[in-house]
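**Student:** In case you want the letters, here they are:
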Amino acid sequence: MDINAFILFWAAIFTSNILLTNFLGMCSYLSISREVESSFGLGMAVFFVLTVTAGLNWVIYYHILVPFDLIYLQFIVFIIVIAAFVQLLEMLIERFTPALYYTLGIFLPLITVNCAIFGVSLFLVIRKYSFIQSVAYGAGSGIGWLLAILMLAGIRNRLKEKMIPQGLQGAGISLIVTGIMALAFIGFSGIVIVQ
Amino acid sequence: MFNKILRQPVMNRVLYALIPSLLVSIYCFGWRVLLIVFISNLSAYLTEYLFLRSKKNAKVSMAVFVTGSLLAFTLPPTIPLWIAALGSAVAILFGKMVFGGFGLNIFNPAILGRTFIYVSFPQQMTITWAKPFTGFPGGFAQFTAGSDMITGATILGHFRNTGAYLYGFKDAFLGTIPGSLGETSALLIILAGIYLIITKTAKWQPMLSTLLSILFFSWVFAPAENPFYLLVSGGALFGIVYMTTDPVSQSKGKYAIWVYGLLIGFLTVLIRQKSLFYEGFMFALLITNALMPIIEYGIDKYLIPMKAEKKA
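For the protein sequence lines, the chains are C and S, in the order given.
Quick note on my numbering: the first sequence kicks off at -17 and runs consecutively.
Quick note on my numbering: the second sequence kicks off at 20 and runs consecutively.
The hints are simulated quantities; they were obtained by calculation from the structure and are not laboratory data.
The beta-carbon is built from N, C-alpha and C at its ideal position, and this holds for glycine as well.
Each hint should be verified, as a subset may be incorrect.
Okay, derived cross-link-like pairs now, DSSO-like style, lysine-lysine, Cα gap no bigger than 27 Å in a straight line [stated by the list, open to error]:
| hint | chain 1 | residue 1 | chain 2 | residue 2 |
| --- | --- | --- | --- | --- |
| 1 | C | K144 | S | K329 |
| 2 | S | K74 | C | K144 |
| 3 | S | K293 | C | K144 |
| 4 | S | K320 | C | K110 |
| 5 | C | K142 | S | K222 |
| 6 | S | K329 | C | K142 |
| 7 | S | K273 | S | K189 |
| 8 | C | K142 | S | K189 |
| 9 | S | K78 | S | K219 |
| 10 | S | K330 | C | K142 |
| 11 | C | K110 | S | K273 |
| 12 | S | K293 | C | K142 |
| 13 | C | K144 | S | K219 |
Stretches of chain S that chain C covers, calculated by requiring three or more beta carbons in the stretch to come under 8 Å of a beta carbon on chain C [to be verified]:
| hint | segment |
| --- | --- |
| 14 | 84 to 90 |
| 15 | 215 to 228 |
Ranges between beta-carbon positions, derived for each pair [unchecked claim]:
| hint | chain 1 | residue 1 | chain 2 | residue 2 | range |
| --- | --- | --- | --- | --- | --- |
| 16 | S | L69 | C | R140 | 35 to 43 Å |
| 17 | S | L42 | C | C9 | 50 to 58 Å |
| 18 | S | A243 | C | I62 | 28 to 36 Å |
| 19 | S | K74 | C | L74 | 21 to 29 Å |
| 20 | C | G87 | S | K320 | 53 to 61 Å |
| 21 | S | W223 | C | R140 | 20 to 28 Å |
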């Protein structure tokens, strides 16, 4: 894959936003977008974990799994790496900044099962990114995810929940809004080809 | 059934402003134009009526006719009627009714409907364009648009592919070019914009900020070209006058309204120049609609307290 890492970073935010074009990481996106503050906290955590695990998984894949012919273990290994890293991060945050730890609360361990993070690790293998590209793609996807959840949180903040037809309140209207946002982001397609 | 329409004088004035464009459009493309506008409005009305049927004392707002007409004006004259009907049904249903009806929508309904059918039916929306009639009586004696078709690139697509102008500035300005129903004549749109501002139907800030932003970024992305030409060709001017000024989905804050225009202009030019699509205005407006709530939240929360602190 011959593509400038810096361009890839921007592409991951806009043209191939991990949430609005690949629809990955929807569950926490839908459930934690009620308030802007908490969605920002979760988004920053996702961004950080994505950036680091993209790099870690690249190193593990090309320097451990490939030389020892263990590629069939990639799914399990990637998940373990992500889970271990999130655990480590959790302990560090708790030790050094307890305030942030209590704000994030349950969101931190939830990141382990965020499919956007696992998805990025798989994409970087399939698309044969180099190390720098992988980290740039991970960071871009993280920012893109943060952007998407902030957009939804802003919109939900503006919605008048009581006026929405009863069956659509909550997740229903969020999914419709997400669909419209994805429709809008189609406009960016073709600016950069990432795969 | 028809006496249940909520009267909104503001919306009436928008409809009056559209009449001259409609006449020119009939002159250029034949009486079928009127049928498209009618079908689109009918579908919009029925959608809202069905949605409100179960509620007591609910009235269909006059705004459905504005949405229906605006949507129809952005369609090519050769559009199959069922696509026009589908577009305005989607516009009303997903653009407005799911958010609770008039006054509560986040996205511009007409633009949402147009983007939906543009993405779903690219063949009918972009491939063939009818050449306008010329001379007297022109399209007033015809039903369908001329059999003289242009296949392929629109004025914007041709410009991007070859760097050459398909039509002169005067034609693009007066509207005697192939294009969607109501957006070809820049002159009439500008007059309508002035009318809307004078009668205080629409705010001037979003129009001006979007206009300046499109001109500026056209110049940045294509410095050798005449930015005014890029403005009058394509749907940007129509969008500036009628779409950015939607009283519900536009931004209202003192600073936000300028950010709104700036973003629309930047994204329009970016998508026009770089993406798969030749016309970027509708995507730009939808993206901006999605982005503005969080930007306004940020402005209210951080920028305005900061200014207040400085003054104190």
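**Student:** Hints first: check each against the structure and report whether it holds.
**Tutor:** Hint by hint, here is what the structure shows:
Under the criterion of a C-alpha separation no larger than 27 Å, the hint pairing K144 of chain C with K329 of chain S is inconsistent with the structure, at around 38 Å. Restraint check for K74 of chain S and K144 of chain C: the C-alpha separation of about 15 Å stays at or below 27 Å, so the hint holds. Restraint check for K293 of chain S and K144 of chain C: not satisfied, since their Cα atoms lie roughly 41 Å apart, outside the 27 Å limit. Of the pairs offered as hints, the one joining K320 of chain S and K110 of chain C is violated, with about 43 Å between alpha carbons and a cut-off of 27 Å exceeded.
Between K142 of chain C and K222 of chain S the CA atoms are separated by roughly 24 Å; this keeps the pair inside 27 Å, and the hint holds. For the hint pairing K329 of chain S with K142 of chain C, the CA-to-CA distance comes to about 33 Å; that exceeds 27 Å, so the pair is violated. Between K273 of chain S and K189 of chain S, the direct Cα distance comes to roughly 36 Å. Violation of the 27 Å bound is thereby established for this hinted pair. Distance check on the hinted pair: K142 of chain C and K189 of chain S sit about 47 Å apart at the alpha-carbon level, beyond 27 Å; violated.
Among the hinted pairs, K78 of chain S with K219 of chain S is consistent with the structure: their alpha-carbon atoms are about 25 Å apart, no more than 27 Å. A distance of roughly 34 Å separates the Cα atoms of K330 of chain S and K142 of chain C; the hinted pair therefore is violated under the 27 Å criterion. Annotation: proposed proximity of K110 of chain C to K273 of chain S is violated, straight-line Cα distance about 48 Å (limit 27 Å). Between K293 of chain S and K142 of chain C the alpha-carbon distance is near 37 Å, which puts this suggested pair outside the 27 Å criterion.
Taking the CA atoms of K144 of chain C and K219 of chain S, the gap is about 31 Å. The hint is violated against a cut of 27 Å. For the segment 84 to 90 of chain S, the assignment as covered by chain C is violated, since 0 residues bring a beta-carbon within under 8 Å of that chain's beta-carbons and 3 are needed. Interface restraint, the segment 215 to 228 of chain S with chain C: violated (0 residues with C-beta to C-beta distance below 8 Å; minimum three). One distance hint, 35 to 43 Å for the beta-carbon pair L69 of chain S and R140 of chain C, is violated here, with the actual separation near 26 Å.
In this structure, L42 of chain S and C9 of chain C meet the distance hint of 50 to 58 Å, their C-beta atoms being roughly 53 Å apart. For the hinted restraint 28 to 36 Å between A243 of chain S and I62 of chain C, the CB-CB distance of approximately 56 Å leaves it violated. Against the hinted window of 21 to 29 Å, the Cβ-Cβ separation of K74 of chain S and L74 of chain C comes to about 54 Å, which falls outside the hint. Between G87 of chain C and K320 of chain S the beta carbons are some 22 Å apart, a value that contradicts the proposed interval 53 to 61 Å.
Range check, W223 of chain S to R140 of chain C: Cβ separation about 24 Å, and the 20 to 28 Å hint holds.
The structure shown violates the earlier hints numbered 1, 3, 4, 6, 7, 8, 10, 11, 12, 13, 14, 15, 16, 18, 19 and 20.
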